[in-house]
Amino acid sequence: MIKGMEMITASLRLTGENACFALNANGLLTASIPAAEHRGRVFLSLAFPFEREEEYISVQTEEKDELGMIRSLEDFDAETASLLRAELKKKYFCPKLRKILKLVERNGNTYWDCLSDQGDLSFTVRDVHRSLIRASEDRIFVVDVDGCRYEIESIAGLDRKSLAKIELYL
Amino acid sequence: MESRVDFEASCEKILSSLRDGEGLADRAVFAFPSNLDRKAERHEFAVIFSPKGLYRASREREGEIEFFSFSRIANARMESFLGGAACELLLDGEWMEFCRSFGSEKENISQLVRILKEVCDGVLRPEEARFVYRSSVCPTCRRPMRRGATRCPWCTEKRGAVKKLWDLIRPMRFWILLTMVLFLLNSGLSVVLPMIQRTLVDDYLTADDPVTVLSSFSQVIWVVVAMAAVRVVAVLVSMLRNVILSRVSIKTVVELRRRLYENIQRLSVAGISRHTAGDLMNRVSASTNTISAFLTQHLPSLLEQCLVIVFVAFLLFYHSPIMAVFVLLPAPFVALMYRLIWKRNKKLYHRQWVANSVSNTVLHDVFQGVREVKVYGTEKYEIEKYDKAINEQKNISVRNETAWAKVVPFSDFVIQIGHFILLYFAGNLILDQQMTIGELTMFSSLVDLIYGPLRWMANFPRIIQQAGTAISKVYEVIEEEPDVADRSNAASFPLRGKIEVEGIWFGYDENENVLENVSVSVSPGEFLGIVGRSGVGKSTLINLIMRLYDVDRGAIRIDGVDVRDISQHALRSQIGVVLQETFLFSGTVYENLAYAKPDATYDEVMEAARLANAHAFIMKLPDGYNTFVGEKGYTLSGGERQRIAIARAILHDPRILILDEATSALDTETESLIQEALARLCKDRTTIAIAHRLSTLRNATKLLVLDKKTVAEEGTHEELMAKDGGIYQSLVIAQREMNTIHRETEEKDGK
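Residue numbers (our numbering), protein chains in the order written: chain Y, 3 to 172; chain L, 3 to 753.
Note that these hints are calculated values from the structure, not bench results. Please note that a few of the clues may not be correct.
[As the list claims (entries may be wrong)] Only pairs whose alpha carbons sit at most 27 Å apart, straight line, appear in this in silico BS3-like list of lysine-lysine: (1) L:Lys349 <-> Y:Lys167; (2) L:Lys408 <-> L:Lys349; (3) Y:Lys93 <-> L:Lys711; (4) L:Lys349 <-> Y:Lys101; (5) L:Lys710 <-> L:Lys119; (6) Y:Lys163 <-> L:Lys349; (7) Y:Lys66 <-> L:Lys41; (8) L:Lys41 <-> Y:Lys101; (9) L:Lys622 <-> L:Lys599; (10) L:Lys710 <-> Y:Lys91; (11) L:Lys41 <-> Y:Lys93.
All figures in this text were calculated on a predicted structure; none of them were measured in a lab.
Turn these sequences into a full structure, and let the hints steer you where they fit.
Right, dumping it as structure tokens:
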């Protein structure tokens, strides 16, 4: 930690002790954070979306001003953690690809037909080498022409046929 | 996938099933699908906008319909998330989520929100709403395509590789044909030699009658002379062929690089940014060399070797069909072996190309940022990073080459098995006196002649793989359509400088808009200052005026003509730009100044430098205007580089001038020199300036304050200062306070 900055960083950390999250009557996330004098709608934003999906979560107002930072969902009870997890899922909507059924390259684009946790998906990827984000050796994200992201949680976990289709681009 | 007509019909069916108290069915003004529920789970809905209100009907569970009357909706807004968007409604004083979509449908959510806002503000009657269904799905093949793309890459007919390559070498076809003729001549001469050898052995060396041998001694000399002459002619033909080939090869590389570079220049800033510098360098240099070698050396060789094989095989079959079969028997097995390895190595060659491109990118980055590397002492880190990149490249290359290193000698051996069988059978035939030694010598030489091309053919799959990868990489860029392209009837005319920005929306990526509904108008000769926090979209706005990108919605007009209808060259050649960071090309100060006007005279260049307050410092340099400034001009200070940029802009003599933070990060004295130069430059030109230092904008006739992606305030300095609590007013007050503190500190230090 940078010397002399401890007070600033410490005051930003949100836990179950100083922040209370809930859904309002319309199903939108709200928070009561007395230290930030805030009570109302909040938005979540991950600082490291590829590396820490349940840590370093920025809590922001409607104007996107940061109210505080959640260091880890473990700082909250199970119910709140699950509420926040669901909200993050909405913000970082990213179907997980289980199987690559068909992958055809044509004129600089690749056309994917996949089976995902959200059902069958068909999408187009432009310049596939630049549209694959390697989060780790075994985990990649694919970004399609609409900016939607799809995750392959484990390359090694893919079946042999799917792997053979994607191998060329890894 | 469902068509638009089918979707609309299903929406009508939903509405017709709903009847109000008087038994009247509602009707749809427009409708579009949404694909997520409020928990971000996949669920198909139909969003229907009717004169009465909004419907959200599930298309998976019949009868699950929500209705929100316009009388309850006070406002609407769009919330973006990764790859999608949600529409929120302000209902009875509380926000609630109405619908949610990811993928191409988010465009329609954005339209819905805009229409709802207008309805809520009372400026639009619901039944008059105009909605254009936007889909980034190709209407022909139903496959998703890039937003704004005019052609579907799947449906676009592209020329095959052979046609592309033929197009490239067509101007040199005569010379390539000549090299082939020369090669065939050479090969013909090689075939003649074994025949002369046979005559020598059978008619003279192993003749039964020794008298004949002695009497024909003088004739033997002529046979030897004939063999030597054939060799000499073959060498000369070979030399001529090599000279022609090298010239054709160089010409092809140059032509290919020219085409590639030309299209790179045509691409938009966004198009070029999609590739790294290392990637483009790899395509321009290494890949073009590979293609040229393939076209001018390997491909003609392939045809030549095929002809030799056919010709020699014919001779072999002519002389002894059985032995010819033995000789050629292993060839199909070798071909099968290569077919198997081909499939596996195709992927490896592709990966090798990518690894090569990555290591080039690492190198390029380090050379660009060499000062940062030295300042932060991260040499070791950079060495490790490059090590990792080249190790990856090495590993793939080793795997690739090892496979070939194993296969090539083995296939060589397999091919030559035929030779051993031949010796066995020919030996028996000679012993049975069915064949002469001369015939065996000739046959053996012909077999050697056919094995050469067969061995060469064994290596050809590898050449094809390398060339195939290079061709796809080079033509991928050559055939890339520019995002920002001139229309066929694009206009060129002298600009007067009237700029109208009308309700523009723009985002660099699909996920987030940078500007939303921005409008402003600037008259010819007017000075517009753009103010706002960092990242609010100020530079984006001027990039759009220069048409470095195209707006997503709305229009920018110059002298009443949409910038998309003006030729890019005509537009930009009349716009001058001075940026915060001035890039100087490798070359002299003079060359850098004349970059804006290559035909400028020495007097014009010096006059511009004087007006920009640059002449004095240039004359203090050791070589004056001929001082070499090197890449990025590191030898010049920030203020000096800035003045060179202003001089460039003066030389350019633009009708519209754009200043993007032109005076930031300069000391007070330098700033005043530059301010003075800028004041001269702006005279009688339409000027748009961005500045954090508000004093820079003191000459502005109009100020535009951007906030939260849109226009927050607009007016003159006096008008905006009169707005209590306004953004501009608070920025000016904050800057005055900073200046006061700064002055007081300086005075205190002075004491």
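message = Hint by hint, where does the structure go against what was stated? Just the numbers, ascending.
response = No hint contradicted; all consistent.
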